[in-house]
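Asks: Based on the sequences and whatever the hints tell you, model everything.
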Amino acid sequence: MKQFDSKNDEVGQELHHLKLAESKGSHLWDVLSLPTRMDICIRAGYYDTAYLLTNYGVQLQTYGLTKNPIIKRVADKLIDARYQLLDELFNRFAGPIDLANSIQIINNIRKIPYLSSTQLRVMILQYRDVYLEKRLLDIRSQPDFILRMVEVYRDCMYDTMVLYLAVFPENEISRRQMDSSLDQRWDIWQTATPSVILNEWAIHNFDVMFNRIKNVGNETPIDIGSLTSKLMSFALSFGRMGMDFRPLIAKIIDEFVIKRFSLKVQDAANNLKQCKTIEIDGEIPEALFLSCTQDGKQPSVPSVLAFWDDLCIYGNALIDALNELRSGLSPTQINSVLKELTNSMKIVVCWLCSMENLVKKVVMEKAIKLLGRYFIPYINSCLLTLYPYEKCCRPFYYTTCTLELYEKRYVIQIQEICNDCPNSMVTEKLLEEANRSINGYNEIVSTLTNGNAEVSETHVPDNSSISQEVG
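Taken in order, the sequence shown gives residues 1044 to 1514; the numbers are from the working numbering.
Hints were generated in silico from the structure; no laboratory data involved.
Incorrect hints may appear among the rest.
DSSO-like cross-link-like pairs, simulated, lysine-lysine; straight-line CA separation at most 27 Å [claimed, not checked]: (1) 1472 - 1316; (2) 1472 - 1404; (3) 1451 - 1302.
What you are looking at is a predicted structure, and each value in this text was computed from that prediction instead of being measured.
Replies: Below, the structure written as structure tokens:
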């Protein structure tokens, strides 16, 4: 009976506890509602409260209260919610940031013991890259995407670097967790400043930005002058943070400009190469197209080029490519531009050689005259107009390179073109036309030097626009 009475008392106490737990005023209901409150705090942005709730879950484990399955389930949910809290905190960096709020968010992240200092730095930069890509996706359809892209990179990277340097100061000490399994004689610990991660991130983004610029389609119009100005301003603003990349811009812009120019002139030559016949209407006069760059007049298009429509189309494409260079001119480009023009002309001459047996001899002779006597000298005039001696050579080499030498060197050399083409009547005739043009040029220069005559032919101006079209 005594045992029965004791058991009866225990059952009564448990029943009493159950009734208390079921009552509306029981604290058990508050404990069971904690996971729901945790979700509300995370979604509403009450991150401090959410962190306190996760700590409460840890305390439930520490004091052994998780022996009760119900309490254990609550504690596990509160602790697991830390991952959700971390995701929510980091997602705040995938959008516009405010320095004060961002510092507070990072302080909340630091309270959660799941991330090392290095992981925290990397995660913040990764989420900032997510925001950067979102911004770029929003403007991708804009016609001036490249110019806007530079602005997006500048704004986003600048805000990120200001935040990073504010929360991770340069004098922060890096400590290493020692591993007792390693032989200390062979274990070398290379210390690095906290800014190493930031520098690598910035360099990576610079590379991505420059690659996007280089991979712009050839059909997309770009103002090279505006692009260069924006990049220079971008680099200068980062100079205060030790990341002035202005020395890289000149090389990158030159490579970009020459690549676009090369594609345009190569496409123009390949389009002419697709022609199966040569149709030239009219007789070709014997007069030479001679030019000089002394009186600043713009070269006029030889009207005789209108006899060959396909050559006019090719010439217009070359002029368009040359005109596109005007917004980003640099004296260092002339060698590359001349090389690409020469390569384009080689394609045309080799095509003429292949057409020798497919067209009448008289038509081929007309084509050679138009190309060697008028077309190539005219393109040379346009090239010297774009890169005049007074601006591209004299300020740098005025003691060693004369105007005559400059105009002989920086033009398309027919001799060089013919050397790379098969021997045929086409190359022989072109060389004859080249010699005639050289002799005519020497006579003009000699006449001008002696002051005995005035040149009445077309002249190359001093850096004026090449706005005329061939034919």
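Asks: For the pair supplied as a hint, residue 1451 and residue 1302, confirm whether the alpha-carbon distance does not exceed 27 Å.
Replies: 25 Å, holds
Asks: Would you check the hint for residue 1472 and residue 1404, treating anything up to 27 Å between C-alpha atoms as holding?
Replies: 12 Å, holds
Asks: Within 27 Å, alpha carbon to alpha carbon, are residue 1472 and residue 1316?
Replies: Between residue 1472 and residue 1316 the Cα gap is close to 20 Å, so the pair holds against 27 Å.
The earlier numbered hints are all upheld by this structure, with none contradicted.
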